[in-house]
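Starting from the given sequences, assemble the full structure and let the hints guide the process.
Protein chains: 2
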Amino acid sequence: MRGAFLYGPRDLRFEERAAPTIIAPTDAIVRISVTCVCGSDLWPYRGLQASPEPTPMGHEYCGIVEEIGSGVRTVRAGQFVIGSFFASDNTCPHCHAGYHTSCQHREFVGGAQAPLLRVPLADGTLVATPEVPAGELNPSLLALSDVMGTGWFAAEAANVKPGATVAVVGDGAVGLLGVLSAKLKGAERIIAMSHHEARQRLAREFGATDIVTERADEGVARIKDMTNGIGVDSVLECVGTQESMMQAIRSTRPGGSVGYVGVPHGVELNGEELFFSHVHLHGGPAPVRRYLPKLIEQVWDRKINPGKVFDLTLPLEKVAEGYRAMDERRAIKTLLRP
Amino acid sequence: MRGAFLYGPRDLRFEERAAPTIIAPTDAIVRISVTCVCGSDLWPYRGLQASPEPTPMGHEYCGIVEEIGSGVRTVRAGQFVIGSFFASDNTCPHCHAGYHTSCQHREFVGGAQAPLLRVPLADGTLVATPEVPAGELNPSLLALSDVMGTGWFAAEAANVKPGATVAVVGDGAVGLLGVLSAKLKGAERIIAMSHHEARQRLAREFGATDIVTERADEGVARIKDMTNGIGVDSVLECVGTQESMMQAIRSTRPGGSVGYVGVPHGVELNGEELFFSHVHLHGGPAPVRRYLPKLIEQVWDRKINPGKVFDLTLPLEKVAEGYRAMDERRAIKTLLRP
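Just so you know, the sequences run in chain order A and B. Residue numbers are given in the numbering used here: position 150 of the first sequence equals residue 150, and the series is strictly consecutive. Residue numbers are given in the numbering used here: position 129 of the second sequence equals residue 129, and the series is strictly consecutive.
Don't take every hint at face value.
Given that identical chains are not distinguished, each listed pair holds provided it fits within a single copy or across any two copies.
[To be verified] Calculated pairs, DMTMM-like style, for lysine to aspartate or glutamate (alpha carbon to alpha carbon, straight line, at most 25 Å): (1) LYS308 to GLU321; (2) LYS224 to ASP89; (3) LYS308 to GLU268; (4) LYS294 to GLU188; (5) LYS224 to GLU107; (6) LYS161 to GLU328; (7) LYS224 to GLU131.
Simulated from the structure, these hints should not be mistaken for lab results.
Here you go:
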């Protein structure tokens, strides 16, 4: 089979590799129905994050179980499943606390930009849909594998309450689904920080009431202006840079909350500034597994359509073009069909 | 009158100055019944925090209202009052949200190590006791002006729940009252991190179930050992150094909470480590004013005795010896009587 490999900055190749096989008895092999390119894939793609070369790429997936290991109990061949980018046993104390991405046995699931994927800890990681879905649900179900769960976690970590005023830093797929999540949680005012027209449109469709195009300290000043100098109750930080993180912290009212899900790259927080900001800070790799059952239900019942973030669909063999389009911000998120 | 002034590192003088007078109509003048030396006074005393020289010292106070400005409505002369180290209007949005120490009109109250003190925004800042208290309550009432409210905020910020396992980093007065606060909030296991015998004793009296004497990464390893490798639910960080902050974060289980109230000095938090730690972080200058009514009630009803942290009592004119004793860790906290 052929899959996507990163050889170096902007050197993404689609090439032959061995099909995955069961290694541990708790593994499953999934035949990918749809996969995609993640905003976080762009960090190594842009050379901003070291990775071994070549690295098999892709960590968002859904599809049909092809084969299971001898120890797998709750998942069976033929089921349509969705899993998280971190495999988790769903039984350890951290999983019980709802932090599956800190599972004591967590294992990164890489190489999903391929027709077949090995998923470790299948019982703990994969959640099956009620039946094999109609194809048109696939994009939204795929979004639950990472971006929708991550946007949802950002809103939870930012403690979004009904009636709240919320700002979202970052207009990538996660930020946009953060807007949707804030809306689902009953936020009254949702300020999307974006200077890209197509993304602003989708943000509004998902529930944004205001758009702020300014960034950094100017963005903070705009938010303060809009809130009588107070700041917002909750900020969803969905980028991961020093600038975006400080923009989030400084836009929040004392006692408010920042939920941060952009993987920090080179971020250093000054203790004294954080102390006097009086914000609550919570984030990390989203425990997507925790949210899968409920979010699958919502997609299944056509209550949410997070798959709208995919504005480019390509056959898997065009994966390199999918990266290029996102790198150049021509696409929000690329869906790939094997 | 005479009051305490810091002229430079370890140069604390008790000398003549003009008695304070009403400046704004919202001011009150309080005749100090008892005052004390704060752990945070030791930062500038040790030369670890720049301050103008000479600086009038002291920010913890209780006493009898001597005089009020023409605009003061809820406080009257003759009342026994307690206030916070930050004056607050108790009406702005940040006060309404419970973050009085981020009040839009906050003003630091300095110079309490003296017989008389000017308190700005008296209506918003001062809380009167039901009547003038019996003298033996004074130390515990004084403790509410800062250390008890700060320990309580640490426990709130660390989200201490009934049945929780809690660690407290720092065995100063705030850390010890953090132990008491965790106990009052129903924590089942309270691990005090201390290597000082007298402080360990008081920690146990306040409710500590375990003592850990190791510090930094060794302290973290001990905590992990004691919790099956999981970490604790809540950590109260009551020091403010890089070491203590990292000790707190690394001792917390994923999804757990760090409440930090030690004023950070030179603390820098690495975004990536914080992200993957999955901890909740909240802290800042404790909004002591929020807690005064309830904590006064508890002291008044003899339910708590936070004044036990005072293990040295001196006449105010011996204030320099009070600083020395705390600097050399001969005393936990020095009470001063004008």
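Structure-based check of all given hints:
no.	hint	in the structure
1	LYS308 to GLU321	within (20 Å within a copy, 69 Å between copies)
2	LYS224 to ASP89	between (44 Å within a copy, 21 Å between copies)
3	LYS308 to GLU268	neither (34 Å within a copy, 39 Å between copies)
4	LYS294 to GLU188	within (23 Å within a copy, 33 Å between copies)
5	LYS224 to GLU107	between (42 Å within a copy, 21 Å between copies)
6	LYS161 to GLU328	neither (35 Å within a copy, 48 Å between copies)
7	LYS224 to GLU131	neither (48 Å within a copy, 43 Å between copies)
This entry does not satisfy hints 3, 6 and 7, going by the numbered hints stated previously.
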